[in-house]
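Those protein sequence lines, which keep their order, are chains A and B.
The letter at position 30 of the first sequence is residue 30 when you use the numbering used here, and the numbering goes up by one with no holes.
The letter at position 104 of the second sequence is residue 104 when you use the numbering used here, and the numbering goes up by one with no holes.
Note that these hints are calculated values from the structure, not bench results.
Wrong hints could be hidden among the right ones.
Lysine-lysine pairs mimicking DSS-like chemistry, simulated, CA-CA at most 25 angstroms apart [as the list claims (entries may be wrong)]:
#1 B:K66 x A:K137
#2 A:K66 x B:K66
#3 A:K137 x A:K66
Derived list of chain A stretches under chain B, where covered just means 3 residues or more per stretch with a C-beta under 8 angstroms from a C-beta of chain B [what the hints assert, rightly or not]:
#4 28–42
#5 46–59
#6 73–80
Backbone N, C-alpha and C define an ideal beta-carbon position, used for all residues, glycine too.
There are 2 protein chains.
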Amino acid sequence: MYTRCVTCRITYDGGMPRWKPDARQRLVAEALRLFAEQGYDATTVSQIAERAGLTRSTFHRYFGDKRDVLTAGRETLGRLLADGIGAAPPSATPLEAVWAGLERAAAAMTPFNREISPLMRAAVEANRELQEGLEQKHAGLAAAMAEALGRRRVPRPAARIAAEIGVLAFTTGYQRWNPERDDEELAPHLRAAFEELRSAVTDLR
Amino acid sequence: MYTRCVTCRITYDGGMPRWKPDARQRLVAEALRLFAEQGYDATTVSQIAERAGLTRSTFHRYFGDKRDVLTAGRETLGRLLADGIGAAPPSATPLEAVWAGLERAAAAMTPFNREISPLMRAAVEANRELQEGLEQKHAGLAAAMAEALGRRRVPRPAARIAAEIGVLAFTTGYQRWNPERDDEELAPHLRAAFEELRSAVTDLR
């Protein structure tokens, strides 16, 4: 049973959610709402489960503790980015390979990822702990991309800078992904952010 | 009273420490040793104070809790980097300004900073929490540098990449700073790491 939540920023048409959330997605969305509303420390697993209309034991089928909700998707996203980088043609420059990674990640994003973007932003703005969790997530993504570039024999300094550019492009593009528009894709936002960063590189010297 | 510690990786000549640690520095060094030896979670403020030959209340004169030991110096270092960036000549490119920041930070580093470098590395290798603490510290330093570059009217994308390069240069150079050599300065290590990164930028496209 999915109970309609009055504080939801996700809108429903005729009582139907725009995407059909599974239990895990409901837990993530409700956890982010609670973190934004009352803080990370004050939020319990029981409250998250209750708001999602689920039990504590269902929560623990998906997550060890509330902290895990924060880093949800980090491994998947890191793997998508690394896989895309690995699959880029051998002739690709480091930044072209990074773009291949971003494109792979964008292709795997669902309406759920789009809808939680503003929830994530609101939660992070309200909580220092969440800000730190996000910084760790970004560091993990950068490390995954730098490793994937290393496997392409990109020298370490170039791999690390290219990976940082990849993280900046992903976070910037993801923030601009508009949850109000059903038809909107992530890829063009990532591409625009990536191109801004790529041309900025030439002005650094 | 400074008690000699059998697990110390800091060496003493004739029983005298190479640098004259003040209470705060002793607390940082002993905390890092304990984190490496027995883990961050298992280490208490009382243990840190005891090993440093100080009281709990002395610890709390310098730090709120053991977590604060990790991020010790972050504000100071961020300010040094930002001040150096701000003081660079108006004609400086973004990367030249970043170098001015690194140079300012290097000039402020003391033998204490050199001696704790391997302690920090050992502690971080042993603990996931410390790794995360360090990633947050780096994100904070990057933010401080990007802001300082923004005040120089460097556009945001370029400022963020230049700041990430600054963090990579600092962390790489700092890791190479040899605590076994009394006469060694940090600046040449930062310069070498910075130049590696700067030339890598041209191979990214």
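Evaluated hints:
This hinted pair checks out: B:K66 and A:K137 have alpha carbons roughly 23 angstroms apart, not beyond 25 angstroms. With a CA separation close to 23 angstroms, the supplied pair A:K66 and B:K66 stays within the 25 angstroms bound. A distance of roughly 15 angstroms separates the Cα atoms of A:K137 and A:K66; the hinted pair therefore holds under the 25 angstroms criterion. Counting residues of the region 28–42 of chain A whose CB lies closer than 8 angstroms to any CB of chain B gives 0, which falls below the minimum of 3, so the coverage claim is violated.
Counting residues of the region 46–59 of chain A whose beta carbon lies closer than 8 angstroms to any beta carbon of chain B gives 0, which falls short of the minimum of three for the stated coverage. Residues of the region 73–80 of chain A lying with their CB closer than 8 angstroms to a CB of chain B number 0, which falls below the three-residue condition for coverage.
In this structure, the hints that do not hold are numbers 4, 5, 6, in rising order.
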